[in-house]
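If you count the sequence shown from 1, position 87 lands on 87 in the working numbering, and the numbers rise without skipping.
Quick caveat, the hints were computed from the structure, so don't treat them as lab data. Keep in mind that this is a model prediction, so the values were computed, not measured. Just so you know, not all the hints are guaranteed correct.
[Unchecked claim] For each label pair, taking beta carbons as the anchor points, the in silico distance ranges come out as:
id, residue 1, residue 2, range
1, V225, P152, 14 to 24 Å
2, D82, A175, 37 to 47 Å
3, E16, T67, 31 to 41 Å
4, D82, E123, 25 to 35 Å
5, R23, H105, 38 to 48 Å
6, V53, G122, 16 to 26 Å
Note that CB positions come from ideal geometry on N, CA and C, so glycine has one too.
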Amino acid sequence: MQTAGRTAPDGRWVVEAVRAAPRDTVAALVPARFAAYARVFHPAVRYDGDDDVHVRWDEVAAANGTTAHRLMQWPGITGSWDYLGEADQPGLWNDAPAEGHLVAHVARELAAVLVEQTTTPGECWFGWDDGGAADLPRLRLPRADLLLTRGPVQRAATNFAPEPREQSAALWWPADRAWCVVTDPALTSTYVGAGVTAVDALLATRLEVAPAGPGDPVTPDCDPVNPVAPHA
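Use the sequences and the hints to build the structure in full.
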């Protein structure tokens, strides 16, 4: 495992960009320097015997009579803030989309697309939140304090936390900075900044992906189509 210097200089371009961006927008997560952006919705899970079935947000919206759209938020399409917690909708979904964690199969498919969209696939930087346990170089962002490590793009699908915990990278980008992927610790979607070709390729996958823009709001209370009572 290789690391940057104590001040994690390889990530300064991210830090400087997101600190200058409006709060609670895509640009406050992913630097506003890319030609296109995408939002990857974390799937919910339905139990089917011993199997986990991944459930799309548009399926949940249809079942609840709400509207699926690119800015939808989980409380809006389900109709309640309770569904960000322990509650579920039996028969539709049992586990809500993971906050701050990109499940392995989604990360793997993202990496399979993005590996073709960089000239440095073997040199990718990854930031993840280890809770400050390691006395190693860190990337200090407004919304997270990340340990910065390096490896091939495919490492995005590995578990960065000690077992039995599961934790994806919160931030990853290749050395040529052709794209950047961010999974904020408090959100149930992952955002990608990249070239138009890369975003078009993501939109063509079987994943649930929508176009995004740097000015898009990202917080769970910002669904403009499916209003829900303010969170107590």
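Status of each hint after checking the structure:
no.	hint	result
1	V225 <-> P152: 14 to 24 Å	40 Å, violated
2	D82 <-> A175: 37 to 47 Å	43 Å, holds
3	E16 <-> T67: 31 to 41 Å	37 Å, holds
4	D82 <-> E123: 25 to 35 Å	44 Å, violated
5	R23 <-> H105: 38 to 48 Å	32 Å, violated
6	V53 <-> G122: 16 to 26 Å	35 Å, violated
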